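2 protein chains.
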Amino acid sequence: MRTVVDTILAEVFERCRDNRDGTLADYIPELAEVPPDTFSLCVATADGHVYEAGSSDVEFTIQSISKPLTYGLALADRGADAVAAKIDVEPSGEPFNEISLDPVTERPRNPMINAGAITAASLVAGEPADRFERIRRCYSAYAGRDLGIDHDVYASEARTGHRNRAIGHMLRSFGIITDDPEDAVDLYFRQCSITVTSRDLALMAATLANNGTNPLTGDCALAPEHVERVLSVMTSCGMYDAAGDWIARVGLPAKSGVGGGVMAVLPGQIGIAVHSPRLDAHGNSVRGVQACRELSKALELHFLHVGRAARSAIRSSYTVAQATSRQRRTDDERAALAAHGDRARVYELHGDLLFAGAESAVRSVEAQSETVDAVVVDLHRVDEVSDVARRMLANLRDNLEAQGRACAFVDPEGHLGAVASSVDPATRSGRVLVDLDSALEWAESVVLDRHCLVGRVPESVEPAAHPLFSALRTDQVASLVPRLAVVEYPGGTTVVRRGDPAIGIALILSGRVSTTVTGPNGTTHRITTFAAGMTFGELPTLTGSGYLADIRADTPLRLAVLTPELFAELGASAPDVKVALLERLTESAYKQLDTVIRGLGAKGPILAVP
Amino acid sequence: MRTVVDTILAEVFERCRDNRDGTLADYIPELAEVPPDTFSLCVATADGHVYEAGSSDVEFTIQSISKPLTYGLALADRGADAVAAKIDVEPSGEPFNEISLDPVTERPRNPMINAGAITAASLVAGEPADRFERIRRCYSAYAGRDLGIDHDVYASEARTGHRNRAIGHMLRSFGIITDDPEDAVDLYFRQCSITVTSRDLALMAATLANNGTNPLTGDCALAPEHVERVLSVMTSCGMYDAAGDWIARVGLPAKSGVGGGVMAVLPGQIGIAVHSPRLDAHGNSVRGVQACRELSKALELHFLHVGRAARSAIRSSYTVAQATSRQRRTDDERAALAAHGDRARVYELHGDLLFAGAESAVRSVEAQSETVDAVVVDLHRVDEVSDVARRMLANLRDNLEAQGRACAFVDPEGHLGAVASSVDPATRSGRVLVDLDSALEWAESVVLDRHCLVGRVPESVEPAAHPLFSALRTDQVASLVPRLAVVEYPGGTTVVRRGDPAIGIALILSGRVSTTVTGPNGTTHRITTFAAGMTFGELPTLTGSGYLADIRADTPLRLAVLTPELFAELGASAPDVKVALLERLTESAYKQLDTVIRGLGAKGPILAVP
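Line by line, the protein sequences give chains A and B.
Residues 1 to 610 in my numbering are what the first sequence lists, from first letter to last.
Residues 1 to 610 in my numbering are what the second sequence lists, from first letter to last.
Hints in this document: simulated from the structure, not taken from any laboratory.
Just so we're clear, the structure is a prediction, and the values are computed from it rather than from any experiment.
Note that beta-carbon positions come from the ideal geometry of N, C-alpha and C, so glycine has one too.
Do not take every clue at face value.
Facing chain B, according to a computed beta carbon distance under 8 angstroms, are these residues of chain A, among others [what the hints assert, rightly or not]: (1) 46; (2) 231; (3) 300; (4) 354; (5) 573; (6) 575; (7) 579.
Based on the sequences and whatever the hints tell you, model everything.
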């Protein structure tokens with residue numbers, strides 16, 4: 001299936017192909033002799049999918065694109081401060097191979113000019129004999145495959161590279177390099193001679209976009225704390241002295257090399273690579289610059305692109321009058337929740353909780369805090385929580401509690417760093433709950449404790465007092481009750497399994513049961529919880545079908561069971577009793593159905609989350 | 001309530017306050033005489049909330065922070081190409097007030113040095129006498145209040161600004177300025193003398209962050225198409241010759257002025273302003289630089305910060321076996337949807353649909369396309385769709401249709417630019433539907449047309465053949481049917497209103513009705529749709545309560561009504577009939593309840609979207 005990305009790549013490729021401006025690098029014969037019109041273009045996503053156009057399997061020498069990679073290795077080996085003491089990060093107005101240091105700091109101006117790159121190579125840890133292998137393995141981790149070296153290019157660079165040797169000795173004379181400068185210069189020649197394809201280069205860029213981890217192999221090429229620095233230096237100094245135009249017209253951290261390669265990175269998103277050996281006056285690939293400009297425009301990749309302004313991280317907000325837990329409630333409880341449920345509010349957050357989104361979300365919650373007794377902040381859809389956002393959420397909780405409001409978090413992934421507490425509706429504020437349903441039940445209990453003083457689910461009920469019989473006369477109850485089977489189950493037992501035949505209409509006398517389904521991954525999910533005074537198993541009893549879900553005793557359980565045989569027989573022996581029971585059951589079913597359907601509200605589908 | 005942002009601002013403020021390094025600008029007496037230790041720090045969010053620390057209401061002259069604003073006005077007045085023909089965008093290694101042009105292009109190197117800024121002022125449209133007022137109004141639109149000018153500073157600058165006059169005449173001699181250069185230089189002196197507070201400056205930065213629109217007033221200060229260019233130039237050239245260090249350690253487009261102000265922008269997110277008049281050797285506010293570094297670190301604002309890699313724009317994906325429309329279905333239809341509903345899949349997208357997210361989403365949908373007959377792409381939670389994403393969605397549709405799959409979009413906000421078609425379940429592929437429920441119904445119909453050949457909702461049904469009576473004997477039906485009231489309603493009429501007393505159990509003989517609720521904003525939402533062979537109004541009839549929702553005839557409607565009086569009377573006259581009816585009603589209610597509750601699945605709350 002040809003995708004739009006393929007099409008756009010092909011369009012850009014076609015438009016750039018006719019551009020034969022520029023000239024090959026000619027300071028060594030190996031570069032002057034490459035086929036000048038080789039051209040390829042690759043885009044790799046941060047999850048490792050690669051789109052390619054042109055001859056993306058042609059190998060070429062990485063040259064200066066090695067500079068940010070070795071700089072990253074030096075940062076990892078020596079730490080940011082030690083590296084900063086040796087190499088500045090200011091753009092240089094001078095040619096990349098200038099034999100000079102910053103007159104004030106007496107350091108190379110940045111790691112993208114040769115003086116800075118040779119210094120970075122000198123900072124790679126290890127014995128001189130091992131350092132090149134460390135560099136090669138590092139680059140290979142970026143690319144996700146074992147990279148080789150072009151020995152001819154290396155030999156040629158080593159033979160003719162007097163200017164770089166001059167730079168090495170200058171660095172040694174200023175004390176920037178403290179060992180033999182020939183070793184650092186030789187290492188630099190070797191790293192520049194490592195060969196890559198544009199597919200490799202796109203994956204190297206995608207590895208930077210993916211915070212230093214190659215998305216296909218999962219190997220870490222650069223620790224996340226150094227990625228930002230490497231990308232910053234690529235932004236300010238990566239494209240030689242065309243940085244301003246590059247930022248304005250491409251807007252991506254990038255690095256080019258005289259081998260004709262260009263790589264560009266959109267952090268968190270994609271990597272781009274182009275290979276085309278003809279260079280412009282700055283030393284950048286002519287088609288590489290053109291292709292990056294066109295791709296940035298066509299794909300809207302500029303890193304300063306403002307879509308719309310940041311939106312709140314709040315995905316939805318609702319009260320427990322609008323959303324109910326799976327706990328089946330008594331009529332009085334339902335009425336109390338309908339009347340006072342707006343005193344408990346759930347805020348569902350989503351996306352990455354970075355500063356701006358968290359700030360806006362916390363501000364919204366606090367603005368409404370006067371109107372509620374309980375707040376649930378649901379993080380189950382949140383992908384990442386930054387340190388400042390974590391601090392803001394803790395502060396929100398403290399502020400709410402200082403106002404006498406209860407606050408709980410749904411945080412199954414532990415973003416807040418706290419251990420999730422088990423389901424305990426009696427628990428009050430500040431708890432971290434493992435799922436939204438537990439949090440809803442907790443929030444409902446806060447409301448009910450304040451606003452539902454009678455009609456709460458009783459601890460236990462005698463058979464004759466079970467609400468199912470409320471429409472029956474005393475004598476009808478008296479004759480029916482002895483015919484019920486009273487059964488007890490220890491907590492944790494399975495009462496019935498999905499598919500079992502009906503045991504009858506089960507009247508709960510004490511304890512709690514939950515209907516549960518087991519997902520394809522083996523996890524069990526609660527559908528509804530029933531407590532004393534409620535019934536379950538009506539549908540299998542009425543229809544003769546099997547149970548649609550497992551039913552488990554959450555606690556020690558006592559049931560009075562009206563068996564299918566008894567229920568059928570009542571039609572003949574006591575039709576008035578059967579009518580009264582059916583009316584009660586029907587009413588109960590429709591009330592629940594109404595609650596559920598109305599709760600679905602205006603927009604949401606009836607949705608199973610896989 | 002003290003927020004974490006207030007706390008962080010206060011912490012940064014305290015740490016920076018002791019820093020008394022740097023010196024006041026002294027080239028005119030007015031700047032040399034300001035209180036040197038004035039200090040304030042403001043953060044404005046892209047939605048206009050301002051956090052402040054220090055004396056944020058002290059006015060100071062905007063100075064060079066005016067440069068990007070006037071550059072933006074020139075872009076708006078003349079277009080990007082005409083401005084690019086006069087001013088380059090490369091960082092200059094030279095002082096900001098150098099009397100020189102780029103030796104190759106013979107243009108000012110960028111709009112942040114004085115030569116470029118004076119050129120930008122010369123490009124502001126209007127008669128010379130009107131131009132300053134246009135500039136002042138433009139800046140006022142950024143700040144959201146009417147800004148004034150410090151006449152003493154202006155007079156002093158005008159009296160002593162020989163270097164800027166020299167630059168003006170140099171620009172005139174090279175043909176960069178074509179009118180009287182004194183006018184442009186005077187305009188530049190005036191714009192630099194406009195006074196702002198750090199609160200103003202933070203809102204100006206927030207306006208840039210908000211794509212050029214002041215978030216409090218809604219006034220557009222700069223058209224969105226120019227914002228990216230202005231921010232780009234601030235990135236590469238905004239902090240004089242400390243751009244590399246600024247990008248590495250702050251990572252925000254920014255601009256400073258010799259009045260001691262600094263403004264910084266995180267696109268889409270926030271604006272920052274600092275005012276502290278002591279300057280470093282680069283001409284940047286000492287505390288301004290320190291405060292921006294600390295804020296960037298504490299709030300994780302660096303624009304190259306990689307959180308986690310881009311995730312797919314797919315928020316959830318489910319089949320019509322897992323999610324059902326509000327269309328009430330026959331048993332056969334329900335069974336067919338349960339068995340074959342996995343042949344129709346809904347992909348709910350969210351967030352901004354930019355390139356990387358759309359690419360990943362489309363790739364996922366196409367990877368699963370072999371397994372489905374119908375695809376719904378739900379955009380109702382999508383905030384913005386970029387051009388390339390729009391193209392990718394259209395291509396996805398074409399590819400699916402070429403494979404013989406049906407495809408529909410839910411796009412109530414018209415992101416795709418197509419007019420949403422009305423609800424028409426018969427419509428096949430490529431349609432744009434206004435809500436998810438219509439799309440679910442459409443997707444169900446695709447599945448049912450292939451997999452449910454019998455038992456579909458009939459066009460019409462005679463009273464005696466209504467499924468409610470399926471458990472009755474023929475003679476029972478024969479005696480009951482004549483006692484039903486047959487009623488007809490034209491399409492579009494309201495059958496009952498919320499709160500009305502029960503008319504009875506309504507058996508639909510032909511046509512469709514929907515239960516609807518009217519939201520607080522007056523919009524009407526469908527809860528459930530019923531068709532021939534179904535019943536409604538059971539709950540009010542059984543309980544004597546009023547209707548909980550309006551019920552409207554979607555089409556011409558024919559009902560047979562079993563009145564409350566008749567239903568009550570059946571208990572005495574024909575208890576076996578009443579039992580059979582109640583069993584059927586209970587069964588139906590529990591089946592629906594079961595479908596709904598199971599559909600809620602593992603995680604979703606029963607959620608009303610406000």
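Interface hint outcome for residue 575(A) [beta carbon to chain B under 8 angstroms]: holds (4 angstroms)
Hint check: 8 angstroms Cβ-Cβ cutoff, residue 573(A) to chain B: violated (12 angstroms)
Under 8 angstroms, Cβ to Cβ, is where residue 46(A) needs to be relative to chain B, so tell me if that hint holds or is violated. Holds, because the Cβ-Cβ distance from residue 46(A) to chain B comes to roughly 4 angstroms (cut-off 8 angstroms).
May I ask you to test the interface hint for residue 354(A) with respect to chain B, counting a Cβ-Cβ separation under 8 angstroms as satisfied? holds (6 angstroms)
Under the criterion of a CB-CB separation shorter than 8 angstroms, is residue 300(A) in contact with chain B as hinted? holds (5 angstroms)
Holds or violated: the hint that residue 579(A) contacts chain B, with Cβ atoms closer than 8 angstroms. holds (5 angstroms)
Given residue 231(A) as an interface hint, is the shortest Cβ-Cβ distance to chain B below 8 angstroms? holds (4 angstroms)
Hint compliance for this structure: hint 5 alone is broken.
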